[in-house]
Amino acid sequence: MLVHIQILRFIAAVAVIAFHALGVAPDGHKVPESAISFVLSYGGRGVDLFFVISGFIIFYATDGRGLTPAEFLRRRVERIVPPYFFVIFAVTVLAVTLPATFGATDWYTPRHILKSLAFAAFTDGEMPVVYVGWSLEYEMYFYLAVALLMAATRDPWRNIVLLFSALAIVGRIPGVEAALGNYAFFVDPLILEFVLGVIVGRVFVTGRVDWPMPVAVACAIAAVLAADPTQRVIISGIPSALLVAAAAFVSRKRTHPSWPERALARLGDASYSIYLAQVETVTLAGTTVAGLIPQVPPLLLLVVTSAIVVAFGLLLNVAVERPLLRLSRRLGALRPAQAAKAFSSEVGTGSR
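Residue 386, in our numbering, is where the sequence shown stops; the numbers in between run on with no holes.
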């Protein structure tokens, strides 16, 4: 296991949680303008780190394994979809049954729920029902593109870099984004963060630079820089790629990590659940703690809120994500008739 990559995943999840906790803190408990609040305001860029890590891990875990496109997609769906669907349904049920606590129910329309389940809320220009799902729509786009290139080309990794670089360049042509409307999603510079991770992964695994890949990304980044130097891939994506590269090579050197490193890596294993857990929880936790302890200092409230969300994420990982992953893998390994029987058995025994 690449321990320090896992640690980065945990750091990215906590950064995003702290960012959201900063934004939804109850009145009277806002963190005042300071160097700390300025740093925390960039916590949302943890998503950029997630994207780069995703590109790296997908290459690292897939290259040379001889997976078919269908097997590749099945593995990604098994990992991503079940916990996400669980959270969508849980949040929807809570919102419909407790509207005073969770807000207006007109957000949870059948169309919006179905679009969110299909990873296609972007086509309506909206955030998914579960707001962190916007990043998962980019993840699924990346997976589908890789699978298609696995089916159509001999070197899907070089070609995904070339394809996403070309799309990002096309998207920077004046008028293209406006013409595409909501479908400008497909040419968003954020897609370059995935291929930055792929490049880092290829260098890490092979020990050599496949020059067409970095040259293509460099051209795309130059186009983005010329169009808008404040784009996230410039400010956060490139530094994230450097962090991932450093973490990967440190993991290779440190073959016997310390127990704190191993503990943080275990938290990194649960980073997906922790990331999903912040939905609604971050607001409820902050409001509840502030209500119980009215004089709690704003910064302490933020720390406690983030800790509660992390704890809830660990619970989600143990009680939901891991059992669903085991069930998905069992079903994926069986023929349809066997899968139906296994599903009935698994449900009947409480997925344990």
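Source of the hints: derived by calculation from the structure; they are not laboratory data. Backbone N, C-alpha and C define an ideal beta-carbon position, used for all residues, glycine too. There could be a bad hint or two in this list.
Okay, the calculated beta carbon distance ranges per label pair [what the hints assert, rightly or not]:
id	residue 1	residue 2	range
1	Asp189	Val352	38 to 44 Å
2	Thr157	Thr187	33 to 39 Å
3	Leu276	Gly98	24 to 30 Å
4	Val115	Cys253	31 to 37 Å
5	Val284	Val115	28 to 34 Å
The hints, checked one at a time:
1. The beta-carbon spacing between Asp189 and Val352, approximately 39 Å, falls within the hinted interval of 38 to 44 Å.
2. A beta carbon spacing of about 27 Å between Thr157 and Thr187 contradicts the range 33 to 39 Å that was offered as a hint.
3. Hint check: Leu276 to Gly98, Cβ distance near 25 Å, so the stated range 24 to 30 Å holds.
4. Remark: the range hint 31 to 37 Å for Val115 to Cys253 is upheld by a beta-carbon distance near 34 Å.
5. Taking the beta carbon of each, Val284 and Val115 are about 32 Å apart, inside 28 to 34 Å as hinted.
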